[in-house]
Every structure is written in C-alpha cells, then in structure tokens.
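Each chain, letter by letter, is given below.
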Amino acid sequence: MNLVERKVMVVPCSGIGKTYGTVSREAAYEVTEDQRPQSTQLVALSLLVLGDEDARAAVRAHPAVTIDGCKLACAAKMVQESGGRVAQGIAVLDVYRRNRQLKPLGIAELNEGGLQLAHAVAGEITAVVDDVISREEAPHA
Amino acid sequence: MPELPQRKVGLVACSGEELAEGTVTRLAALRVLEQLRPSDTVTICLPLFLAGGQGDRAFARFYPTIAVDGCDKRCAARATEQYSGKPAASVVVSDLVREHGLAQPEGARRLNASGRQAVEVTAERVAGLVDELLGGQWNRRSGSFVEPGPAASSDDPTPAACACASAIPIQKVDVDGRTVALAALPLIFEQFDAAGKAPGAEVTQELLATVKIYNDVPAGTDEEYLVALGREYAAFCGQKQARP
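Sequence order for the protein chains is U and W.
Using the working numbering, you'd call the opening residue of the first sequence number 41 and step up by one each time.
Using the working numbering, you'd call the opening residue of the second sequence number 1407 and step up by one each time.
Some hints here could point you the wrong way.
Stated by the list, open to error - Keeping only pairs whose Cα atoms sit at most 27 Å apart, straight-line, the calculated BS3-like set for lysine-lysine is:
{"no.": "1", "chain 1": "W", "residue 1": "Lys1646", "chain 2": "W", "residue 2": "Lys1603"}
{"no.": "2", "chain 1": "U", "residue 1": "Lys58", "chain 2": "U", "residue 2": "Lys111"}
{"no.": "3", "chain 1": "W", "residue 1": "Lys1479", "chain 2": "U", "residue 2": "Lys58"}
{"no.": "4", "chain 1": "W", "residue 1": "Lys1618", "chain 2": "W", "residue 2": "Lys1646"}
{"no.": "5", "chain 1": "U", "residue 1": "Lys143", "chain 2": "U", "residue 2": "Lys111"}
{"no.": "6", "chain 1": "U", "residue 1": "Lys111", "chain 2": "W", "residue 2": "Lys1603"}
{"no.": "7", "chain 1": "W", "residue 1": "Lys1479", "chain 2": "W", "residue 2": "Lys1492"}
{"no.": "8", "chain 1": "U", "residue 1": "Lys58", "chain 2": "W", "residue 2": "Lys1492"}
{"no.": "9", "chain 1": "W", "residue 1": "Lys1492", "chain 2": "W", "residue 2": "Lys1603"}
Bear in mind the hints are in silico, worked out from the structure with no lab data behind them.
So here's chain U without its partners, still in its complex pose:
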C-alpha cells in the first residue's frame, strides 16, 4: 500500500448561511494544511455536487471524514451519494455542545471563539484520521 492509498479525504460542508459552515471550512484547512497534510486531502463539495469524476473517484477510493455545519448534513450525504464511505461524520454543532465556551460568530470572518471551535473540530478529525491510517497500516493476519 503506498502513501496515496493511505490518504483520508476531508470534506467540509462550507455552508454559506451560518457560522458553523465557516467553522467546518476552517477546520478542514487546519487538518489538511497544518495538522495532517501528508495523510489527508481536501475535497471540494461543489465538485461532488456536480458529479466531477476525479472528486467522486477520490471519495470512492479513500475513507472520508465529513464536517457538517447543520443537521442537513450535506457533506455526509454527498459523499454517500457519490459512492464513498464516511469513516466519521463530524457535526460542528455537537462539538460546540461539548465546548460551550467557544461560541462562534461571523460567516465571512470567524471570531476568536469560532477559530478555537474550528481547532477543536480539527482535533477530532485528526484523531479519526490517525485511527483510520493506523488501522490501514496494521499488518493483516
């Protein structure tokens, strides 16, 4: 198994109408750019909506972590509709409920609470990514 095969796809909803959508986007960037750039890949949700073959192939070939800002769970639904497997669906609202002190505000630009909430979301994603990668790297019996 090569490095490419061990990638985990990260798919944020990037919802434009609510601050939680921006949190999902920021968390995805934090994971794919800062925390786990080697083992993750960002997938644009708009490409999945359009049915872009490269994007669909990516989520079909690799486990995905989806990050959704509302209960409609667009990211998780689109990965599933594209034939992909959601290794873990992260709901920003659930993370917020566990971190009530991190109140996010702003859509175009997050406040400090929003950035910290994104950091908390990123931490949960990273744990999932590490778990998925370690299981894939483990020798099979």
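For chain U, the structure is supplied; the task is to place chain W on it using the hints.
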C-alpha cells in the same frame, strides 16, 4: 399575516475549498448579502439542491439567481441549472481576474492581496447584476426577462438571508390525475385566508394567478389547475375552521 417572500435575487456561490478563487466566490457573495445588497438578496448552499428537499430545489425558479463560480468548471452554474433552474446570470472569478488584470489570487484559507481585490471586483459585479435583475420582470418559466423596468432601490435594508433555513414550502396537489408539486402554495393559501378571501370562483382565479408567479403552469391547463386549486383551498379553509 403571512407574507410571500419579497422580490429578491438568489446567489449561489461554488465556495470551492481547493482554490483561492473558490474562497473569493464565498466572500464576494457574503459581501453582497451582508453589505452591498442585504435587502435584495438571499442565498442557499449549493449541495442543498441534492441533499435538501423540493423547496430547496425550487430556489432558482423562485428567485432569479446569480451563480458565482471560481473556475471554468462552473460547478455552481451547472449544478443550479441541472437541479434547480437556469441561473439568470453567471459570474466566473477567473474571468474577472483576467478582465481586470489582477495577479493570480492565492491562499484558499487566507486570501492574498490579489484575492482580496478579486473579492471586491466580484462583489461589485454581482451587486450590479442584482440591480439589473431587480429592474426587470422575471419570468420563471422561461428564465428570462419579460420586459425591462426601473432598478429597485435598496433603502429598506434587511439582514442577509439564507434560504436553507426557510426552504420554499411545497404542496403536492392532484391536477387531473397528476401529482404536481406547487412551490409556495401553503404560503399563498395562508395569505388568502388571512385576507378573508372565501373559496369561490373569483378567488380561485386569483389563486391561479398567484400560483403562476412561482410555478410553471403549462399552457392549456388553466381549467385543470382551477379545479385543483378550488378544491384544495376549500379543504384548507375547512380545516382551518374545524380547528378549535
């Protein structure tokens, strides 16, 4: 009294996460929604055309819509046309960058100076298109203007609106044996009832005229729709009266 959504222009941004231009679309749309034309615009998340309900998919028929895309894949424009309705206008950031001689935007997460310039240029272009669209009479069936008109003023500011939290309500109606989903019908019934309009032939004609604003009623089917609307409205009013 319940109100039908006032005349607004819909904005659908691709918000592509992989490219700086995708971030430009998102921030430009938000600038229009929140600052430049807050009372005249509404938005919806692109994936809701698939992940949402019928009310979400009616978006581009309900509102003349501007698709804002980052690159020539044009995900927002193509997906909007495929799943909702043909956009009234389309903007592609990479085209605007070339047109204005801007340097390549960079930094999907944090835009560089050129990216921020692109946000301004794109937002201004979209705001201009909003004014143009509001100035004309939009025909939802043809996806084109009926006739030009004066530009609407924006001296009645309202907060930026996201349509995903208030999807356009749909009601399924039997029209001569066919099940037809009519956008906004529950709101229309509420509005008529609140205005004290009792079921009857004249009111049914008025209902049909209002339904046609938000829905495609095929030519030659007015009589069938009148029967259906008269029946449904009578049932609606009957249920209202039966409530304690």
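> Is it true that the CA of Lys1618 of chain W sits at most 27 Å from the CA of Lys1646 of chain W?
Replying inline: Since the Cα atoms of Lys1618 of chain W and Lys1646 of chain W sit roughly 24 Å apart, the hinted pair holds (cutoff 27 Å).
> Keeping to a limit of 27 Å between CA atoms, is the pair of Lys1646 of chain W and Lys1603 of chain W held or broken?
Replying inline: 13 Å, holds
> Does Lys1479 of chain W pair with Lys58 of chain U here, judged by a C-alpha cut-off of 27 Å?
Replying inline: 25 Å, holds
> Is Lys58 of chain U within 27 Å of Lys1492 of chain W, Cα to Cα?
Replying inline: With Cα atoms ~25 Å apart, Lys58 of chain U and Lys1492 of chain W stay inside 27 Å; holds.
> Going straight from one Cα to the other, do Lys111 of chain U and Lys1603 of chain W come out at no more than 27 Å?
Replying inline: The hint is violated at about 38 Å.
>> Does Lys111 of chain U sit within 27 Å of Lys143 of chain U, going by the straight-line distance between their CA atoms?
In response: Between Lys143 of chain U and Lys111 of chain U the Cα gap is close to 18 Å, so the pair holds against 27 Å.
> Are Lys1492 of chain W and Lys1603 of chain W close enough, with their CA atoms no more than 27 Å apart?
Replying inline: 35 Å, violated
>> Please verify whether Lys1479 of chain W and Lys1492 of chain W have alpha carbons no more than 27 Å apart.
In response: 16 Å, holds
>> For a C-alpha distance cap of 27 Å, please report whether Lys58 of chain U and Lys111 of chain U respect it.
In response: Given that 27 Å is the threshold and the Cα spacing comes to 12 Å, the pair holds.
Checked against the numbered hints given earlier, this structure breaks hints 6 and 9; the rest are met.
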